[in-house]
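*Asks:* Listed here are the chains, written in short residue letters.
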Amino acid sequence: KPSAPSGSGSSGKKKVAFVTNGVASFWTIASAGVKAAGEKFGVDAQTLMPAEGIVGQKRMIEDLLTRGIDGIAVSPIDPANQTGLLNEAAKRTKLVTHDSDAPDSARLIYIGMDNYKAGRLCGDLVREAMPKGGSVMIFIGRLEQDNAKRRRQGTIDAILGRPENPANFDPPGTVLEGNGFKILGTLTDEFNFAKGKANVEDTLAKHPDVNCMVGLFAYNPPLMLEVLQQAGKLGQVKMIAFDEDDATLAGIQKGTVHGTVVQNPYMYGFKSVEVLAELAKGNNAVIPANKFIDIPARQIRKDNVDEFWADLKAKTGSGK
Amino acid sequence: MKKILGITALLALVCIITAILSEGFLSGYNIENLARRTALLGIISIGVAFVIITGGIDLSVGSVVCLVGCGLPWLLTKQNWSMPAALAAVALVSVGIGIFHGVIITKLRIAPFVVTLCGLMMYRGIARGFTQDQTVGFGGEFTGLRTLATGQISIPFVDGFTLPAPCVFLLVAALLAAIFLNRTIWGRYMLALGRNEEAARYSGINTDRMVIVAYVICSALSGLGGMLYVLDSNTAQPVDFGNFYELYAIAAAVLGGCSLRGGEGTIVGILVGAALIMVLRNMIMLTTNYTNIEFAIIGAVLLIGVIADELVKRYAMRRRAARALLAETKPS
Amino acid sequence: MKKILGITALLALVCIITAILSEGFLSGYNIENLARRTALLGIISIGVAFVIITGGIDLSVGSVVCLVGCGLPWLLTKQNWSMPAALAAVALVSVGIGIFHGVIITKLRIAPFVVTLCGLMMYRGIARGFTQDQTVGFGGEFTGLRTLATGQISIPFVDGFTLPAPCVFLLVAALLAAIFLNRTIWGRYMLALGRNEEAARYSGINTDRMVIVAYVICSALSGLGGMLYVLDSNTAQPVDFGNFYELYAIAAAVLGGCSLRGGEGTIVGILVGAALIMVLRNMIMLTTNYTNIEFAIIGAVLLIGVIADELVKRYAMRRRAARALLAETKPS
Amino acid sequence: MSAPLLEVRKLSKSFPGVRALKGVSIALQPAEVLAVIGENGAGKSTLMKILAGVQRPDSGAILMNGAEVEIRSVHDALARGIALIHQELNLADNLDVASNIFLGREPLRGGLVDTKRIRREARKFLDAVGLDVDPATLVGTLPIGCQQLVEIAKALSVNARVLIMDEPTSSLSAGEAEKLFKVIHDLRSSGVSVIYISHRLGEVKKLADRVTVLRDGENAGDLAREEISHNGMVKLMVGRDISQFYPHEPHTPGQIVLEVAGIRTPAHPGHALSFTLCAGEIVGVAGLVGAGRTEMLETLFGVTPALGGTMLVAGKEIAPRSPLEAIGVGLALVPEDRKRQGVILEMTVRDNVSLASLRKDQRAGFRNGRRERELSAEMIGSLRIKTPHDRQIVQFLSGGNQQKVVLGKWLALRPRVLFLDEPTRGIDVGAKQEIYRLMEELAREGVAILFVSSEMEEILGMSDRALVMHEGRITGELARAGLSDEAVMRLATAGEKVAA
Ligand SMILES: Nc1ncnc2c1ncn2[C@@H]1O[C@H](COP(=O)(O)OP(=O)(O)OP(=O)(O)O)[C@@H](O)[C@H]1O
Ligand SMILES: Nc1ncnc2c1ncn2[C@@H]1O[C@H](COP(=O)(O)OP(=O)(O)OP(=O)(O)O)[C@@H](O)[C@H]1O
Ligand SMILES: [Mg+2]
Ligand SMILES: [Mg+2]
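Chains as they are written, first to last, in our numbering: chain X, 1 to 320; chain A, 321 to 652; chain H, 653 to 984; chain F, 985 to 1484.
Hint data in this document are derived by calculation from the structure and do not stem from the laboratory. One or more of the hints may lead you astray.
Chain X is faced by these chain H residues, among others (derived, beta-carbon under 7 angstroms) [as the list claims (entries may be wrong)]:
hint	residue
1	784
2	789
3	887
4	918
5	938
6	959
7	962
Listed next, the stretches of chain X that the computed footprint assigns to chain A, with coverage defined by at least 3 CB atoms under 8 angstroms from CB atoms of chain A [said to hold, decoys possible]:
hint	region
8	214-227
9	242-251
The beta carbon of each residue, even a glycine, is placed where N, CA and C say it ideally should be.
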């Protein structure tokens, strides 16, 4: 185990870091990819999850630069405003972005997907689950980070049948109608699980006849399942999920969740480290002309859930 | 119980307003939810109230909730401990933390604020350490254990409402706490030392032991709360599970009539305080679409509550004085 | 300055250990980063220290940081206010908050803990309200203004290190604070009333005014800190910008020798305390891969620090007593 | 006759539930020492606080040199030359002596506090009160008696025209008090007027040019210089004669109940304390302030455990490490500082009286409510505690009655040995006499009483035997026959010259 690295070169291995935008189980899967790629490409690869938002992420990146890192992959929390920090990092080391892009910065490449498009996939699942339309409530951890905003907007636009417009933003408090659907609102919980659960419960109290719930952060769907089960409304209220929490996948198997949109966090981690390792060796050919490695999101439904889950378990080694 | 009249009236008012504005409020389902949330907050608030009554403060409540809330599923699902062993472990840790705080505060005479502030940082750090920052939960297992938090007890002759299991814990805890505080010698000792520790010591009270007991009660109830919270939500993330709960708990206790100067507090008041906080949040959810100003509203209500309480007290005192004066000047 | 000897030694120790374990630690780049972070924390810690010295507490620091940190870019970029107007607005709000706290605490006699706890909830709630929970930042604009936080001042004859601009703010604030506290009558009054408010009042001091001034200093420096934080990071998320900063600030002040009982504290000590917290975090990042236990370590160091301080004090006292005993029993 | 320097006309002041002053009038001539006396709660301190700007009156007028003035704040009062030495100590113990003396009136230099000048000038005032400490010493490190002198120096530094002293000698003993009297004489000679409040009537007789007596917030009468006599003052204060002030009758001591051999206190570990105490005996402990008497009692009672030596209670050796253990063997202590260590001010009479007995009367950890009621009723009756009911908050009782509550708390435990530390400190004559009467009764019932007092008359009047302490040592023991003013003073100063 790397216990006390002190600058590049002491162990001979190149050092790269994978910085996330927060602490979440989603990133745990990514860190499995980071580890696997680190072993495969012979680099010291570390996953860092800032617990304190933007200020914490900045501090982490600065300290990584101090440590003498050979490459950093980062998921910027607020790309538009973190350009300065990213450029500073790009000056001192190889910098790539993952999960959330910062196109205006000097990052070498973006590895990930388009959250707006993934959101649209999610919206499509809603329409698929409810061909006749109905009322929908959206749950999400926070609305501040760029990827969350875009994901939600994609979902809304797809449900309402709007054309693609990633720059659009509907305020969370407004009720939106169209295409036979009524989007009742978007509730955030700031990662407070008790509140996340209370949000779902209060929705049932306020709108007893709600038809569909969409959970856009990995932990939202499990909390929703929890509440629906306690309220005896499993299956009655359609559920659309995002990401691949175990409870979500189990729900899809049982049919209580219609489907989920999965990114591929494992590949985010793996690809990021792969690219950084190659760059560190001086191989710049890994960067395509469009400076984008697409790791597309996928829709998982009852028909492909078993295969997906088995694959996931194999990759993260959580099958035991 | 004049002290909690104001807060009870406020609670009633908020309930009435919400009931008028939202049909869902009085539904059995919503009331069950409110009862369960109040129970969870109430349990930790009672704990913190004991510390406040002895003139101390405990800022580590939220972190103990996190430590137990993450520790229990971690032990059960990741370390494969047996259920009794895991329960015993979290109970021991909770009590141990209380003893640790109490001993440092009484024997080394370090301010409770500082000791428990360190606790706030440490216990969450430890939970993040052993879970490796990963979300832990029960998956679909341990449904029996989870009934402790999710179970519903049907009440005879009442339809459409079943009592959530945490309420039973709350009622038992509140009853025991009230008896302890008001009917036992230890309870009286705590009230006395909260007012004047030196005089209590000179009266032959082992004040150090009483203070330690108060911190143990607080940590134990925080641990119980943490267990129920995680059994209820089924999953916990160490970075933010229980964040700021100490502040809610203290707010509930203060709303309920505990004075931070020590020596004052009623258990019923604390329950009313906890219920008020939960009903306020519920109200904002049910009647508006702006949940992000929830905190602003709770903060404002809390502040207005204590200010009104203070002003009413002053007014009452002035009236009493005036009446006494009148009685004196009137020829008898 | 015997009081801060221990903490200064601890800081030196941590620095030496980190320097040995990590080459990067002593690089100009890292020292600049550390200096800037210490400056930012130091500024809000000095503010909170004034409140602590008068025997109060301010839990709203982090929320004021959030309010100003989100408010400034919001006014400039979303509301298109002119820079002087926006700066004046956040300054006014900060000072206004201090007056608000001070007046409620002194005139209505409500515990500072409660008042500022409500502030903690309210100001963040307000920030979340007006930003609609959206991240706000300066984009690529306002580079001139941002120099206040990101600027580097080269020092004559020193290569490879430039002084981060916030350090200038810190030095000015610390100098003014030290002079204010030790050499002006108001500083005296604060020290006196922090220890014995009645004594101060009976000496003809307008204690209420002094308390209000302390809260204003605290809020003003919190606002300054919030401005510098957001100018430094260029962006702020209302949900967690400044979260828990009050606790760090209080921890820095306590580490630096402020007693929560009031009437004690040195400005230099606070700077050392702030630096210690920042160096500890830096050490963990530079020398280990376990950043998630960072908090556990800070909490533990803080606790060990105050315990050691207490034990050393006791030991010194016992030695003095023993010496006195010797002198007394010796025939003169 | 010209207008008085300071005059108060029909001043009234009410607190919630109490009318502290009901139209009180006083007049103070230039260069006069006016004593204001009265029972506890008569309104003396309230009146003085109003004059010093700490509190505002409800109605009435204050005149200076015949012109009506309004005193809105302490600052106002100081500006008009009125300074008050409060009944309780009011110093910031985190600041040094000089800073405390000039607190609120610091001389400035270039906008900053002129520390050098403060220290230099402080020296002058310290010399005046005969306190030989460095002005840079932290006040917190000084013993209570010295702090009281600092407080007096502080009042002198105002250069007031009217100096009010509210029980300045309550924590001073003979030596320091003498110094103070000299200061007062000097002040008078230089034209300053002094209002002097004290429960020690001997002092009043010695000092006062005139006496104003307050009773229940009203004027009860004035005494001119030649009319001042002990009985005259008492009669005006309590409205009746109190004959035979010290009800002492010699007791025949029973068996030895407390035997102290070589006990060392943490404050004075250099000296071993030894003495014995018999059942039914009242033993006084005399000494100057800081002689270590409180320390001795606290050590015997387990508050600050002894560093060595042995202690036998009824023949059984014990070494109490907490009051709890001391109580267990039948000891009880009525502490020196009533408000801090004696009562819990915010609790009721009943709760205070029963506090120490809860453990004894418990039923499996539960309180025995009926027993508590019986106990408080019994104590209110037998100690004649003046209270409307036993649910009254102790804060609202007068000092003497608070002291009786403390006594009641201990008598409920039926102690074998009762330690009393300054049992009559700040208590009016009526209450004093009741406490003496109680001591007598208890001794007759066989309780051994050890009482510390700084009042010479009390020591002489009440002891069967007296121990005298000086700087942590017991310098002598005087049997009743050998008890005299001079003998006690000689031992209390250990042969040093008494400052007079
Ligand atoms: N701040 C206050 N609040 C309420 N009651 C008060 C207050 N101050 C004094 N009192 C009451 O006013 C009355 C007069 O009190 P005061 O202190 O003036 O008496 P005193 O003559 O100085 O007595 P003592 O000899 O015990 O010092 C008492 O009944 C007292 O309880
Ligand atoms: N808290 C303390 N810390 C250090 N020394 C103390 C402390 N309290 C008292 N002393 C010292 O102990 C000695 C005895 O003080 P103590 O109060 O016991 O005297 P006393 O004879 O009871 O006087 P008094 O008449 O004031 O009751 C004094 O010389 C004092 O300096
Ligand atoms: Mg008085
Ligand atoms: Mg004494």
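*Asks:* List in ascending order the numbers of the hints, as given earlier, that are violated by the structure.
*Replies:* 4, 6 and 7
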